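There are 4 protein chains.
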Amino acid sequence: MLETLTPIRVRYAETDAMGIVHHAVYPVWMELGRSEFLRAQGQGYSEWEAQGIFMSVGELKVRYRSPARYDELVQVRTWLKEAGRRRVVFGYEVTRDGQRLAEGESIHIVTGPDGRARVLPDALLAQVAGAVRS
Amino acid sequence: MLETLTPIRVRYAETDAMGIVHHAVYPVWMELGRSEFLRAQGQGYSEWEAQGIFMSVGELKVRYRSPARYDELVQVRTWLKEAGRRRVVFGYEVTRDGQRLAEGESIHIVTGPDGRARVLPDALLAQVAGAVRS
Amino acid sequence: MLETLTPIRVRYAETDAMGIVHHAVYPVWMELGRSEFLRAQGQGYSEWEAQGIFMSVGELKVRYRSPARYDELVQVRTWLKEAGRRRVVFGYEVTRDGQRLAEGESIHIVTGPDGRARVLPDALLAQVAGAVRS
Amino acid sequence: MLETLTPIRVRYAETDAMGIVHHAVYPVWMELGRSEFLRAQGQGYSEWEAQGIFMSVGELKVRYRSPARYDELVQVRTWLKEAGRRRVVFGYEVTRDGQRLAEGESIHIVTGPDGRARVLPDALLAQVAGAVRS
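Protein chains in written order, with this note's numbering: chain A, 1 to 134; chain B, 1 to 134; chain C, 1 to 134; chain D, 1 to 134.
Everything labelled a hint here was simulated from the structure, so no lab data went into it.
Keep in mind the model is a prediction, meaning the values are calculated, not measured.
Glycine included, each C-beta is placed from N, C-alpha and C at the ideal position.
Possibly wrong hints are sitting among the right ones.
Facing chain A, a subset of chain B residues (Cβ under 10 Å, in silico) [to be verified]:
| id | residue |
| --- | --- |
| 1 | Ala-13 |
| 2 | Glu-14 |
| 3 | Asp-16 |
| 4 | Met-18 |
| 5 | Gly-19 |
| 6 | His-22 |
| 7 | Ala-24 |
| 8 | Ser-66 |
| 9 | Arg-69 |
| 10 | Tyr-70 |
| 11 | Leu-73 |
| 12 | Trp-79 |
Here are the in silico distance ranges between beta carbons for each label pair [as the list claims (entries may be wrong)]:
| id | chain 1 | residue 1 | chain 2 | residue 2 | range |
| --- | --- | --- | --- | --- | --- |
| 13 | B | Val-132 | A | Pro-113 | 50 to 56 Å |
| 14 | C | Asp-97 | A | Pro-113 | 45 to 51 Å |
| 15 | D | Asp-97 | A | Asp-114 | 19 to 25 Å |
| 16 | D | Ser-66 | C | Leu-125 | 51 to 57 Å |
One chain only, chain A, in its complex shape (with noise of 0.2 Å):
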């Protein structure tokens, strides 16, 4: 399974007063599609918590092509773009019927709970590395 598709409903809470989804939204549903994408992968990222293990956000972008409105139901398909020792990468799309309205990246720095950087344990690595789709 090298792709999660993540449902969402908009919440109204995350509509803003432009009537759309608020742009800091995204990165919160992101998140979530991670989440999901992990835990389809054998060890969800509580998990991976409960090992020390932490997946620092470095870097996000995010491109937004159509705004998303309360009540609709949207997808978040989440792929991974690379996976190393000490970095792992992460590509998003969010689409509602197939339209795409945004997409996304998300950089993550492996780190201990006390944010210093470490390397991921051997088993985590065989779990992203096998996922990344080429």
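Chain A is already provided as a structure; the job is to place chains B, C and D on it using the hints.
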């Protein structure tokens, strides 16, 4: 100083599709007021936490009277209604140019970092007990 | 269908530095439950708005009993407590695996898009009046 | 005034279970900086909207360098990188006591209230074109 006034500039992200501030934002503003109130009394809440003392929210009430909008400058007035070893109650009023927009109350249970009930240490009890507005 | 059950996967962004879901998130979950409840009764809230009918939040109460954490699957149970031409009251319960985490209530005033009081049109009144759980 | 400095007190609600400010909060802070920047140049963004001119977010980039924590006082430095009739680009830096925590960029498309592309009226173009930092 038995009450504090916290000025807040309304953020665009805090508005919703009705064009007004979303109702779930008021508890966040009230928390900001509570935070300033504690700092003004002596020890800020981050110092409480550093001592292993948390104020878990047990109950929340908000009454909404008039909406706030993007870019307006609102004020949160915060005061202590009750302060005991196990329970602390705050009162709030949100205003704009003297007009009341909302009022609220939050009831807090004193806990440790594990979420279990604790009693306030003497120094913190003295800080809050002296600040209750009768 | 006199109550709805809305499953929600806890988002990382919904947690706070205490490691639990922040208390201001519960009103957002309750709103999501309300949204599903109205859709299940016939006309979703976006259709209400399309007719110029808004349910402004007049009052909110939440009682917190036990914390939720990242990645947990919680449920919001939503029902109608009262439904009149001018005022509608919802009740909520948030649970996880049958354990009650929080309960709440929201009181809504029927307004137009200008925020002024209105009365519910007959069709919407019939929809909600028939759904009140005694 | 070719840049503005916006002080922000970190809210508890802005932190996450890692004990630091959640990454999706930074775009909200950047927006707050942008808002102050426009106000400082003459016409605030609410006045833009009153004229039917919106700055839809087309692209967002954030690079995270060091975390922020509850109750800290951070600063958002905001400046204009480009300003044309159809596209405006802002740059941001978030600091705490002079230390850089994050930097970002947002690309905006000029639209009407319907989300369709428009061109900036002369007065607003003059306001922003004169404020680009070379």
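Review point. Can you name, in rising order, the numbers of the hints this structure does not satisfy?
Key: 8, 11, 12, 13, 14
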